[in-house]
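2 protein chains.
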Amino acid sequence: MAPQNLGRLRSFIIGMTGAVDRLADDEEALIDAARGHLAALISEDDWLGDAFAKPHPKYYQQYLLHCDPLERFSLVSFVWGPGQRTPIHDHGVWGLVGMLRGAEFSQAYSQRGQALEKGERRRLEPGDIEILRPSLGDIHAVSNAYEDRVSISIHLYGANIGAVRRRVFDPQTGAEKPFVSGYASNVVPNLWG
Amino acid sequence: MAPQNLGRLRSFIIGMTGAVDRLADDEEALIDAARGHLAALISEDDWLGDAFAKPHPKYYQQYLLHCDPLERFSLVSFVWGPGQRTPIHDHGVWGLVGMLRGAEFSQAYSQRGQALEKGERRRLEPGDIEILRPSLGDIHAVSNAYEDRVSISIHLYGANIGAVRRRVFDPQTGAEKPFVSGYASNVVPNLWG
Ligand SMILES: [Fe+3]
Ligand SMILES: [Fe+3]
Ligand SMILES: [Mg+2]
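Protein sequences, first through last, are from chains A and B.
In terms of the numbering used here, the first sequence opens at residue 1 and continues consecutively.
In terms of the numbering used here, the second sequence opens at residue 1001 and continues consecutively.
Only chain A is shown next, with the shape it has when bound in the complex (with noise of 0.2 Å):
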C-alpha cells in the first residue's frame, strides 16, 4: 500500500474548522462549503489509516473520525462488512455521506401518520454525496450493497452525531425508539503523526 495520505484529512479539518468559524450562520452556505470539501476528501481512497477501515464480523462500524472541539461537525467512517445495514433511522442535523470504497444503498423512509412509507433507493458509488437534511425528511436505512466485500463511506454532520439524541423505527409499524449511536473506538487518528 502507498503511504498514507494523511495530509488530504487534514486538509479536510482545517477547511471545515475555517467554514464553520465562517458560516456559522448560514446553514445554506456551509453545506454547499462541506460538500466541495468531502469531495476533495473522498476524490482518493489513499488517507484512511486501517485501524479506523476494520470491519466487525457482525455489527457496521461508526468510527469517529475528528470532533469539532465546540462539536460544530463530526467526520465518520462507516465501515459495512459483507450485506452489513442500519436500521430504519433518522439524523436531527445535516448531514452528507460521501462514498468512498464499495457502494452502499440508502432506502429513503417518509412518516404517513404512524406508518413508514418507502421512497427513493440511491446507490452509492465512489465519490457520490448524499445530502441529508432533517427539514426535508432524513429518515433512511443504509446497507452494503455488496454480499461479499466491504464498503467504506464518509459521513459529515452538522453536531457530534455520536451523542445526538435521535430515532430508530420499526419497519413494519413505525414505532420510534430513542437512539444514542456512541463511537466504535475509544481513539481517532493523529492528524499531525
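To be clear, the hints were calculated from the coordinates, so they are not data collected in a lab.
Source: prediction; values computed, not measured.
Watch out, some of these pointers could steer you wrong.
What the hints assert, rightly or not - Among the chain A residues that face chain B by a calculated CB cut under 8 Å, a handful are:
no., residue
1, I14
2, T17
3, V20
4, G162
5, N190
What the hints assert, rightly or not - According to the in silico footprint, chain B covers these stretches of chain A (three or more CB under 8 Å from chain B):
no., segment
6, 61-70
7, 175-186
Idealized CB from N, CA, C, for every residue including glycine.
Chain A is fixed; fit chain B with the ligands onto it per the hints.
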C-alpha cells in the same frame, strides 16, 4: 481503577479552544488562561487513558492528546520510564508543563557565547506547573526524578509542538542541532467516546 474521567480532558480542550479564539492577540492573557485550565486538568489523575500513559523501555514517550485544528495549541503527555531524560533542548513557542504523576527535574540552561551555562534546577511534583517562554530563555533538560518508577507530565504548547523546528544542544560544547520531535503514536484519545 475508577472509570476514566474523560470529561476532565474534554473540558480542558473546550476551555482552551475558547481561550485561543478569544485571546489570539494577547499572549500574556492567553498564558494566564492556559495556566488555569491546565491546573484544573492536572488537579486529579483520573482522566489519562492507559494507551497514553505507557512507557517505552528505552525512550521517553510524547503522546499527542490534542492538537487544535488551526495549530494554535497542542497538549502532549510525556511519559518518563525510570531514569529517562531528554537531551538539552529549546521550544521556540510558549509552553506550560504540569506534573500529573511521579515527579521530574527541569534543569535550566542559558547560552553564554558558544557555551551553555547551568541555571536553576526545579523539581515538579503533582499539581506543579512550570512556564516556558522563549523571551525569558527556554533551554532546559528534563528527567524523571525517580529511578524506579514512571512519571508523567502534561505539556501544553502554543503551537503544534511535534512539528516545530527547534534545537538540541551538546552539553559539553553547546553546539546546536535542529530537532523536530514528532509524536509517539498515530492515534489520539477520542474525547467523545
Ligand atoms: Fe444515516
Ligand atoms: Fe521541554
Ligand atoms: Mg453516480
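Hints the structure violates: just list their numbers, smallest first. Going through the list in order, the structure violates hint 3 alone and respects the others.
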